[in-house]
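Each chain, written out:
Number of protein chains: 2
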Amino acid sequence: MAYAVKALWICAKAYSSSANLGPGFDVLALAHDAYYDIVCVRETEGFKVSKVTGGWNVPKENNNAIVVAKLASEKLGIKGVDIWVHKGVPPGRGLGSSGATAAAAVKAIELLAGRALSYEEAVSIAAEGERAVSGTPHADNVAASYLGGLVAVTYSPFKVVKFGLPKINLVVATPWIDVPPSKTGEARKVLPQLVELKDAVQLIGGTALVIKSLIESDLELLGKAVMMDNVITPRRKKLIPCYDKVLEAVLSSGAYGMTISGAGPSVLIIGNERSGEAAVRAWNECGIEASFKVVKAAPGARAHPPP
Amino acid sequence: MAYAVKALWICAKAYSSSANLGPGFDVLALAHDAYYDIVCVRETEGFKVSKVTGGWNVPKENNNAIVVAKLASEKLGIKGVDIWVHKGVPPGRGLGSSGATAAAAVKAIELLAGRALSYEEAVSIAAEGERAVSGTPHADNVAASYLGGLVAVTYSPFKVVKFGLPKINLVVATPWIDVPPSKTGEARKVLPQLVELKDAVQLIGGTALVIKSLIESDLELLGKAVMMDNVITPRRKKLIPCYDKVLEAVLSSGAYGMTISGAGPSVLIIGNERSGEAAVRAWNECGIEASFKVVKAAPGARAHPPP
Chain A
1 MAYAVKALWI CAKAYSSSAN LGPGFDVLAL AHDAYYDIVC VRETEGFKVS
51 KVTGGWNVPK ENNNAIVVAK LASEKLGIKG VDIWVHKGVP PGRGLGSSGA
101 TAAAAVKAIE LLAGRALSYE EAVSIAAEGE RAVSGTPHAD NVAASYLGGL
151 VAVTYSPFKV VKFGLPKINL VVATPWIDVP PSKTGEARKV LPQLVELKDA
201 VQLIGGTALV IKSLIESDLE LLGKAVMMDN VITPRRKKLI PCYDKVLEAV
251 LSSGAYGMTI SGAGPSVLII GNERSGEAAV RAWNECGIEA SFKVVKAAPG
301 ARAHPPP
Chain B
1 MAYAVKALWI CAKAYSSSAN LGPGFDVLAL AHDAYYDIVC VRETEGFKVS
51 KVTGGWNVPK ENNNAIVVAK LASEKLGIKG VDIWVHKGVP PGRGLGSSGA
101 TAAAAVKAIE LLAGRALSYE EAVSIAAEGE RAVSGTPHAD NVAASYLGGL
151 VAVTYSPFKV VKFGLPKINL VVATPWIDVP PSKTGEARKV LPQLVELKDA
201 VQLIGGTALV IKSLIESDLE LLGKAVMMDN VITPRRKKLI PCYDKVLEAV
251 LSSGAYGMTI SGAGPSVLII GNERSGEAAV RAWNECGIEA SFKVVKAAPG
301 ARAHPPP
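These protein sequences, in sequence, are chains A and B. Using our numbering, the first residue of the first sequence is number 1, and each one after it goes up by one. Using our numbering, the first residue of the second sequence is number 1, and each one after it goes up by one.
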């Protein structure tokens, strides 16, 4: 006699993240507990997203969780999974939304298989999910969401390293402006192809200081370090309404510094609740709705009960 | 009754260093125990170098130790010192020779005054000694010699940070070719004013990996990381005879990587004695005398008995 037993959902949680951190363009990212996604899987034939819940509506078709689950399953000998995406990270805000889904999807498959991939395998698979969303397999957000804390990624050679989990509070502030679906692509178009060598040296030095300050949980140094980018931020800030007004308000509130979170429009503030309030007020004065969260550095993707 | 008491020499020792470490151009430097300088001071009127000893003949006039001792003395309320430079670091080899003198000179004045300067004060004073030698106040070598271990320096804002003392053995190999007195200047002339953004990203990522690998004393990763510079090394290696042959020999010997030490012509090899022998043999086959040393990361400038 045969029983049809419905498989249980196996779920993983992965947090939002801020890529770049100023000078660490396309290399550094920090996972934080502003938001999180949960991705659940259960074994079946083929790969599909059958359920989307949470605060954000994302499509079941062409969901990056499918790409990621499929690649991870191939590595780990799983034939197929039914996927449930519980979406907590707002998409299109520079908070690593698709990266959180991708990281949670890889981890869920690992949990189902009872076997972990290497950092590089897991992150490169999750990065393929980014390619499905943005056209390029960026790995900074997925690396942060997958590993937690401060990470660095390089592509030639492909390497993923983690610098640990800083003991800090920061602020993530988000303007709720309309963003085009191709936002990340637009944010790349404003960047120059060439930079002065002395500006590259400034980025190299700033990156070293961001790493040092996060290793030491030194907020004052971190504030200075994230502001050292004189290549990316000056151009991308033009895509974020009232950026300079928000920056001024935030610094006046006593914050140590501020930079764009990923491709924006969210910002990462090296400050406290008062700085978050100042940012929201400044955006409101520009006629823009905004909100903020005080965040901690978040751990990597991990098992979680179904939502 | 008055006694004329000859003041005792107060001495400090500071080690050689390798700046850049591949992608960390003008930012990173590592102090190592390949060579060291000792600088001694005793209180008197005015500032002069009265004695030069050691393996290398440097001029008493216009010696960078005078510039540095004067600035440090002004900060610390000392009227004048007689200076003795004991020169162990070979000049003009990319091993931070003038930086070691400058770092030892600052530390000797601090010891005489019985009071330490802040990192930034000490290093910026020592960097003025570099200006006296090379025309620009570079702080990478002086920061490494003064603080020890792996350091990063930035100029805007001026910051000096230390990442600790890696537990590693590396190899420094030096070709004894004639170098022009303006070598560091020449080595800057071959650099481009503009670099591609993607190459800047490669330098940013490589810098993060160099830091990570030295924090973790991970030689394999360090070897990969120092080779990630695709901007500076490809141009400067042309100033070093037989660089590519030496690199090939070193990698064939099992080394993890190699890069130029500072502006060259010395190289820093992520390998062991066999790699050093391979480098020397390759240079010899090009008709160039060369030597190597197996080195450890060195501590910062410190008190030392007179030589």
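If you're looking for bench data, these hints aren't it; they were derived computationally from the structure. Warning: the hint list may mix true and false statements.
Any copy will do: because identical chains look the same in the list, a pair fits if it lies in one copy or spans two.
No farther apart than 20 angstroms at their CA atoms in a straight line, the calculated lysine to any residue pairs in the SDA-like style are these [claimed, not checked]:
no.	residue 1	residue 2
1	Lys162	Ser217
2	Lys162	Glu216
3	Lys238	Thr44
4	Lys60	Lys75
5	Lys198	Ser134
6	Lys79	Arg281
7	Lys48	Leu76
8	Lys198	Pro234
9	Lys296	Val201
10	Lys189	Asp199
11	Lys198	Asn230
12	Lys296	Pro90
13	Lys237	Glu186
14	Lys198	Arg235
15	Lys162	Ile215
Practice task
Compare the structure with the hints numbered earlier in the document and write down the numbers of the violated ones, lowest to highest.
Solution key: When the structure is compared with the hints, numbers 3, 4, 6 and 9 turn out to be violated.
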